[in-house]
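**Student:** Let the hints inform the model, and build the full structure from the sequences given.
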Amino acid sequence: MHSGGNASSLPLVGGAPEPTINQLSKPGRRASRFPKLDVPVTEINNSAIRNDKPSLPEVSEHDLVMHYSRLAHRNFAVDLGFYPLGSCTMKYNPRFADYVAGLNTFANSHPSTPSAFTQGNLEVLHELEKFLIEITGMDNATFQPPAGASGELTGLLIIKKYLEQNNLTNKTDIIVPDSAHGTNPASAKMAGFNVVEVSTDVRGMVNIDDLKDLVNENTAGLMLTNPNTGGLFEENIMEISNIIHKNGGLVYYDGANLNAIVGVCRPGDMGFDIVHSNLHKTFATPHGGGGPGSGPVAVKAFLKEYLPGPIVEKSEKSYEWYMPKLSIGRMHGYHGNFLVALRALVYMKLLGKEGLDTLGSYAVLNARYLSSVISKIIPLAYNEPCMHEFVATVKDLKKSHKIKAYDVGKALLDKGFHSPTIYFPLIIEEALMFEPTETQTVDTLDDLAETLKGIIDELQGEDVSLEEYPKNLPVGRPNELIPAKHLTVNWGDFELLELTE
Amino acid sequence: MFVPHSEIDLKKMFEELSISTLDDLFTHIPETLKLNDGLNVPPSLSELESISDFENLESKNTQNLICFAGGGHYDIYLPQTVKSLTMRPEFMTSYTPYQAEISQGILQVLFEYQSLICDLTDMELANASLYDGATSVAEAISVAINKTKRNNVVISNGFNPNTKEVVNTLVDRNKFSINYVDSVDYLFPEDYVFSQEDAAFVVSYPHYEGSAQDLTSIVHNAKAAGVITICYADPSMLGILKSPGSMGFDIVVAEGQSMGSPLSFGGPTVGWFATRKELARLVPGRIIGESRDSNNTKTYVMTLRAREQDIRREKASSNICTNQTLNAVGSTIHLSWLGPEGLYEIGYQAIQKASYMKQLLTDNNFNVLNHNTSLREFLVETKKPAEEVILEMGSKGFLAGIKYDVNQILVAVTEKRTKGQIDNYVTSLREVNDA
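First to last, the sequence lines map onto chains A and B. According to the working numbering, the first sequence is numbered sequentially starting from 3. According to the working numbering, the second sequence is numbered sequentially starting from 792.
Take these hints with a grain of salt, some might be off.
[Unchecked claim] Result set (SDA-like, lysine to any residue): computed pairs, CA atoms no more than 25 Å apart in a straight line:
#1 K306(A) to K955(B)
#2 K1174(B) to Q1150(B)
#3 K874(B) to S27(A)
#4 K1068(B) to K214(A)
#5 K355(A) to S841(B)
#6 K938(B) to N970(B)
#7 K316(A) to K825(B)
#8 K191(A) to N209(A)
#9 K966(B) to N24(A)
#10 K191(A) to N1087(B)
#11 K1207(B) to K302(A)
#12 K214(A) to I820(B)
#13 K302(A) to G829(B)
#14 K132(A) to K825(B)
#15 K28(A) to Y1135(B)
#16 K163(A) to K966(B)
#17 K132(A) to K1174(B)
#18 K473(A) to N1087(B)
#19 K955(B) to A50(A)
#20 K355(A) to D800(B)
#21 K955(B) to W323(A)
#22 K248(A) to P821(B)
#23 K851(B) to I135(A)
#24 K401(A) to S377(A)
#25 K378(A) to D445(A)
Rather than coming from a laboratory, the hints here were simulated on the basis of the structure. On a predicted model such as this, the values are computed, not experimentally measured, just so you know.
**Tutor:** If you want it as structure tokens, here you go:
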């Protein structure tokens, strides 16, 4: 199969391990040069000045470039192959955004520069806010949160402050589905709430009867993704939000799965009061090997004055910073991840109405198609139409042939694909969660399915070692237990440390 | 745009799904929720059309201001080598390295990042990055509270005010009290008495106003009272200042922008977090460790995972998931490019140039409030309100600094500033102030 998304030709050659930059260091070598000091030298007397030089590697610039380029060669990426990683929306990141984010004053403004000198930057945030509130169906937004989890915490602190202002401090429970991302309960705990789990019904949706039982006068709110982490649209979403609202709670939308519904429907029309978006997922900013992200929070008008700030307001002549009157405070030292927001604006402007109206549709089309072909190989967890992602399971194959989701994921790596998300959501045994995104071709989807079929057939064969894969990569399966027991977390650390809980 | 589906592709996919339009995908969504007319947004633009839009938008920012502002973010020279290596697509467009076999590149860079930070700060364990300096301070305080089970936080008042606001937001003040201790002559009082109720002592190094002191004895006193000591360090000064570890600190956090990230209007940058092994279980965020694979080959993996939210859920050490990895990659490559001599040079030149500037300001009848104890950053008094001075200096081509008080400006000097720029700044400041 010749598809664009198969990275099996990737030069991730095996062979010797790459030394660390420290191992390449030799005394007296250096890459850096600076202009000569052009002011008269004065003696500096301060008790904080050190008498020696810091400990850093000494390498030539060519050695430095070769080292980090070789390390880059040992890394899979969206630019190399298909990443069907459920819940992560690993779509194509437009190159043009790199150019815009590199423009002089976008890249190089000091964060304390007064608004009079940064009207362009403030306009970027204002323009992006307009797109974002239209797409989510909300009224106002803040770009303070630097990531999705920070957005969640922001939303929860808004709920908390709103309840305090309304003398509802008895409301201390946040309801979270048992299928939720781990950040949901962790954020709720950080905000000082009790976490109450609502179960999932056999169809894969929020168990409404359970929800009704759990909701009471102490309910502060509900956190939900829609579609949920099983990739299913919560069809009873209006009933769910009504149940929470009737009890005086607020409803929070975890934007992790927003990609499925852009242009199709909006959280703001489903009764959600607060929405965070992951610009690094839905709006195509690069994930950077784990970050930076950006997790702007949008709210209905009645919550605007609670937003963390400052936020941008437009007057007749200019853009100005505005601190909301009941603001929860600051979630970031300055203005959040501004350059990530800028990249998202680039993406939205390029897509425009034509692209944004159909964004969710194409994301769902790809997932629905892939689920259809994959369901002929391994069963799906739910017999419902999926949205932008779906969950398959190898629990039967585990019983019959001891094949684990982990084995399938590792074999896929060896065949030039990133693994799907495995063992999530936690409520599904031996889960494999696929999210193709809208930017992959049908050929690549077919190629993945065909490869998966080959793997499943092979692993069911006689005398197959399930632990064999991957075998063509720089390293094999890691022993993930060693470092936790003997903590080697820096190159100077040879001391073995036993850690106990 | 960026959607690859041709008519032939659509036909094939529709047939597989027995549908005839994209709308048929959504028959299970309640009709009342559907957007019938789509979104109210502007039409799609080609890249060619939008270039001028974005260049025009960028030009609305005042161009080419010479930067004398600091406060944690510094205009330090970022070499092309560092920028281009950091932006390699294999780093930039990869996901969090959960699949170690195909992520050895990012994992090793992060292992090197952790190691470099440990070496530089004299700590034993660093995490793989937090959001920024301000949120790192809040995370460090949370570690101290969890470790000591005490309820009071002592913070030096000589701190970036935005960082204080972040701390005030993230530390639950219904449960914990925050005691901001005033500086004496812009230094933390040596004789401050810590109490057995104090969970954390947090100090900026140098202080926000630019003054610096050896903190060894204060840290010693705090630790004697069982307090976890937290240093908020300026990474670009660590080539010339005593390391936080050598002064005895338990936790070092930093705003890492100056090492590897452009100013970026404040974000994305990176929060550094390093500590001692005793606090390993309480550390927020990801940690990379060295392990072995099935063939006993050196292999880097994410480690101590049982602290994290995806496994521990509401019992996690923090809710952080997405971090600032790419900026950490930038820090790694920048520190390696600088080496010991380069990092020293950045600090040395900044201090020498600031020293020259302070004298020049004094010679021109300006009052530098912390002349003797400050290093690369200092406070200048103005006759006119600071806000006005900064705006008028802007029209002369300078970002004059950060407003500190009604008539005080915080001025920062980096190795990038030249004698000519400093001379012109002082001349301009005199004109503005006297006008």
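**Student:** Each hint needs a verdict: does it hold in this structure or not?
**Tutor:** We went through each hint and held it up to the structure:
Restraint check: the Cα-Cα separation between K306(A) and K955(B) comes to about 23 Å, which is no more than 25 Å; the hinted pair holds. Restraint check for K1174(B) and Q1150(B): satisfied, since their Cα atoms lie roughly 18 Å apart, inside the 25 Å limit. Of the supplied pair hints, the one linking K874(B) and S27(A) holds, its CA atoms being roughly 21 Å apart against a limit of 25 Å. Distance check on the hinted pair: K1068(B) and K214(A) sit about 46 Å apart at the alpha-carbon level, beyond 25 Å; violated.
For a cut-off of 25 Å, the pair hint linking K355(A) to S841(B) stands: about 15 Å separates their Cα positions. Annotation: proposed proximity of K938(B) to N970(B) holds, straight-line Cα distance about 19 Å (limit 25 Å). As the CA atoms of K316(A) and K825(B) are separated by approximately 31 Å, the hinted pair breaks the 25 Å bound. At most 25 Å may separate the alpha-carbon atoms for a hinted pair to count; K191(A) and N209(A) meet this at roughly 23 Å.
Taking the CA atoms of K966(B) and N24(A), the gap is about 44 Å. The hint is violated against a cut of 25 Å. Restraint check for K191(A) and N1087(B): not satisfied, since their Cα atoms lie roughly 40 Å apart, outside the 25 Å limit. With a CA separation close to 46 Å, the supplied pair K1207(B) and K302(A) exceeds the 25 Å bound. With a C-alpha separation of about 22 Å, the suggested pair K214(A) and I820(B) falls inside the 25 Å cut-off, and the hint holds.
Between the alpha carbons of K302(A) and G829(B) the distance comes to roughly 20 Å, so the proposed pair stays at or under 25 Å and holds. Between K132(A) and K825(B) the alpha-carbon distance is near 20 Å, which keeps this suggested pair within the 25 Å criterion. This hinted pair checks out: K28(A) and Y1135(B) have alpha carbons roughly 18 Å apart, not beyond 25 Å. Note on K163(A) and K966(B): the hinted pairing holds, with a Cα-Cα distance of about 15 Å set against a maximum of 25 Å.
Proposed proximity of K132(A) and K1174(B) is contradicted: the alpha carbons are some 41 Å apart, above 25 Å. About 14 Å separates the Cα atoms of K473(A) and N1087(B), which keeps this hinted pair within 25 Å; it holds. Proximity of K955(B) to A50(A) is assessed by CA-CA distance (about 24 Å); at most 25 Å being required, the pair is judged to hold. At most 25 Å may separate the alpha-carbon atoms for a hinted pair to count; K355(A) and D800(B) meet this at roughly 22 Å.
A threshold of 25 Å between alpha carbons decides the hint, and for K955(B) with W323(A) the separation of about 19 Å falls inside it, so the pair holds. As the CA atoms of K248(A) and P821(B) are separated by approximately 21 Å, the hinted pair is consistent with the 25 Å bound. Between K851(B) and I135(A) the alpha-carbon distance is near 24 Å, which keeps this suggested pair within the 25 Å criterion. Proposed proximity of K401(A) and S377(A) is supported: the alpha carbons are some 18 Å apart, at most 25 Å.
Using a Cα cut-off of 25 Å, the hinted pair K378(A) and D445(A) holds, with the two alpha carbons roughly 17 Å apart.
Hints 4, 7, 9, 10, 11, 17, counting from the list given before, are not met by this structure.
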